[in-house]
Amino acid sequence: MVRDLLLLIGVFFKIGLFSFGGGLTMVPLFITEFEKQGWMSSDRFMDVLSLAQMTPGAIAMNSATYVGNSVAGIPGGIAATGALAAPSVIIMLFLSRFLMRVKQHPVKDAVFRTLKPVTIALILFAGLQISEKTFFAESFTSIQWRAIAIGLLIAVIQYRFKKMNPVFLIVLSCITGIIIL
Amino acid sequence: MTGLVLLNRVRENIHVQLFTSFLKIGFFMFGGGYAMIPLLEQELIRKKEWITNDELLEIISFSQMTPGTIAINAATHIGNIKGKTLGGVVASLGIIVPSLLIITVLYHIAGGYFESEIVQKAFTGIRACLVVMICRSVYILIRSGIKGGVPFVVFLLVLLGLFCGVHPILIIVAGGFSGFLVWKWSRLIHKI
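In order, the protein sequence lines correspond to chains C and F.
The first sequence: position 2 = 1 (numbering that gives the first Met the number 0), numbered continuously.
The second sequence: position 186 = 185 (numbering that gives the first Met the number 0), numbered continuously.
It is worth saying that the hints were derived from the structure and are not from the lab.
Note that this is a predicted model, so its numbers are computed, not measured.
Beta carbons: idealized from backbone N, C-alpha and C, even for Gly.
Errors might be hidden in some of the hints.
Some chain C residues well away from chain F (every beta-carbon gap over 12 Å; in silico) [as the list claims (entries may be wrong)]:
hint, residue
1, 2
2, 4
3, 6
4, 8
Some, not all, of what chain F presents toward chain C, calculated at C-beta under 10 Å [said to hold, decoys possible]:
hint, residue
5, 127
6, 136
7, 171
Taking lysine-lysine pairs in the DSS-like style, the calculated list, with each CA pair at most 30 Å apart, reads [to be verified]:
hint, chain 1, residue 1, chain 2, residue 2
8, F, 81, C, 13
9, F, 47, C, 162
10, F, 81, F, 47
11, F, 46, F, 23
12, F, 146, F, 190
13, C, 161, F, 23
14, C, 161, F, 47
15, C, 13, C, 35
16, F, 146, C, 161
17, F, 120, C, 35
18, F, 190, C, 107
19, F, 83, F, 47
20, C, 162, F, 23
21, F, 46, F, 83
22, F, 83, C, 107
23, C, 13, F, 183
Work the whole structure out from these sequences, hints included.
In structure tokens, the structure reads:
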């Protein structure tokens with residue numbers, strides 16, 4: 000039990016420390032680490048992502064709470080979520096006053112010039128991992144046309160109404176999924 | 000009477016306000032990091048008047064540069080500005096608590112229903128929606144974040160690395176370091 004908790008804290012702290020650019024960049028990290036630890040298959044993690052998406056709160060935090068709970072019960076959930084948040088809270092506390100003063104620094108600009116495309120590529124890769132499981136189910140030979148139809152519907156609505164509330168889109172795709180899939 | 004005075008004191012306390020404000024944002028934040036931006040605008044700029052629009056944009060870009068989720072970073076940063084270290088901690092707690100409560104309850108009550116057909120259908124529908132939202136974010140980010148040849152090459156190399164199964168942490172570290180190297184190198188060229 001204690002060993003599980005320590006392992007959870009270690010893994011989630013590491014993920015929290017190395018993910019720049021928000022929750023979705025964590026998805027490839029989550030999948031790699033969870034499969035390595037044998038905590039959760041990537042299929043199961045896709046369910047967790049959907050749950051994290053339709054409940055309030057940051058996706059990464061929600062996933063951490065869920066996985067923590069599944070590994071070591073309620074203490075596990077608290078440990079995983081706390082450990083995921085801890086690096087950003089600690090670093091941000093040190094940086095925030097400092098960053099406000101150093102808005103433009105050549106080294107900072109240089110590092111973020113290449114870190115930005117890394118972040119974007121990670122987000123895109125997360126999208127590809129999710130779409131593989133959603134639109135192609137088991138293999139690329141079994142295309143899920145109905146799931147693709149939902150995706151297209153959402154894309155059209157999003158393109159047509161730019162300021163559409165994301166909560167509405169999530170609810171709509173959830174209901175459409177229950178009806179047509 | 001004293002009770003009421005005490006209650007008002009508590010409500011006016013900046014740390015209590017930070018906690019409750021971010022708790023509220025946490026409870027209504029659906030769909031991850033970027034979805035919280037309209038909520039931050041409503042609560043922090045219009046209602047509490049703690050920050051301005053410009054400051055919000057700065058905070059978002061700082062949050063992207065530092066590790067961790069944007070929501071937590073923004074909470075820590077704003078809490079820190081308004082209420083020092085303790086402010087940063089309570090604001091972050093405020094935004095974490097909703098996730099902890101809701102997901103823990105769902106896990107223990109509804110965890111068993113995950114395999115049921117109807118839940119799987121609902122989840123697949125939501126994932127289809129998530130993919131579209133991600134594509135849109137990526138499109139917006141590429142337009143603002145990838146300017147020039149070097150970032151574009153980095154972008155392609157990272158995708159290639161991810162497909163080949165390179166560990167994401169290694170890629171992130173190498174990505175930041177390569178920016179530093181390119182900068183050093185171009186300075187060297189300029190000197191010659």
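Structure-based check of each hint:
Even its closest Cβ contact with chain F, about 21 Å, leaves residue 2 of chain C beyond 12 Å, as expected for a residue assigned away from the interface. Every beta carbon of chain F lies more than 12 Å from that of residue 4 of chain C, the smallest distance being close to 15 Å; the non-interface claim holds. Chain F leaves residue 6 of chain C outside its interface by the beta-carbon criterion, the shortest separation being 17 Å against a cut-off of 12 Å. The beta carbon of residue 8 of chain C sits about 15 Å from the closest Cβ of chain F, which is more than 12 Å, so the claim that it is off the interface holds.
Annotation: residue 127 of chain F was flagged as interfacial toward chain C, and the flag holds, the nearest CB pair being 4 Å apart, inside 10 Å. At a threshold of 10 Å, the smallest CB-CB gap from residue 136 of chain F to chain C is about 6 Å, leaving the interface hint in force. Checking residue 171 of chain F against chain C: minimum C-beta separation of about 6 Å stays under 10 Å; hint holds. Distance restraint check for residue 81 of chain F and residue 13 of chain C: the Cα-Cα separation of roughly 29 Å lies within the 30 Å cut-off, and the hinted pair is therefore satisfied.
Of the supplied pair hints, the one linking residue 47 of chain F and residue 162 of chain C holds, its CA atoms being roughly 24 Å apart against a limit of 30 Å. Note on residue 81 of chain F and residue 47 of chain F: the hinted pairing holds, with a Cα-Cα distance of about 11 Å set against a maximum of 30 Å. The hinted pair formed by residue 46 of chain F and residue 23 of chain F meets the criterion: a straight-line CA distance of about 13 Å does not exceed 30 Å. Taken as a hint, the residue 146 of chain F and residue 190 of chain F pair is honoured in the structure, with Cα atoms around 25 Å apart against an allowance of 30 Å.
A threshold of 30 Å between alpha carbons decides the hint, and for residue 161 of chain C with residue 23 of chain F the separation of about 25 Å falls inside it, so the pair holds. A threshold of 30 Å between alpha carbons decides the hint, and for residue 161 of chain C with residue 47 of chain F the separation of about 27 Å falls inside it, so the pair holds. For the hint pairing residue 13 of chain C with residue 35 of chain C, the CA-to-CA distance comes to about 14 Å; that is within 30 Å, so the pair holds. About 24 Å separates the Cα atoms of residue 146 of chain F and residue 161 of chain C, which keeps this hinted pair within 30 Å; it holds.
Proximity of residue 120 of chain F to residue 35 of chain C is assessed by CA-CA distance (about 28 Å); at most 30 Å being required, the pair is judged to hold. For the suggested pair residue 190 of chain F and residue 107 of chain C, the alpha carbons sit about 21 Å apart, so the restraint of at most 30 Å is met. Among the hinted pairs, residue 83 of chain F with residue 47 of chain F is consistent with the structure: their alpha-carbon atoms are about 17 Å apart, no more than 30 Å. Among the hinted pairs, residue 162 of chain C with residue 23 of chain F is consistent with the structure: their alpha-carbon atoms are about 22 Å apart, no more than 30 Å.
Distance hint between residue 46 of chain F and residue 83 of chain F is fulfilled; the C-alpha atoms sit about 21 Å from each other, no more than 30 Å. The suggested pairing of residue 83 of chain F with residue 107 of chain C holds, with an alpha-carbon distance near 25 Å, which does not exceed 30 Å. Our distance criterion of 30 Å between C-alpha atoms is met by residue 13 of chain C and residue 183 of chain F, whose separation comes to about 29 Å.
Figure legend: structure checked against the earlier numbered hints; every hint is met.
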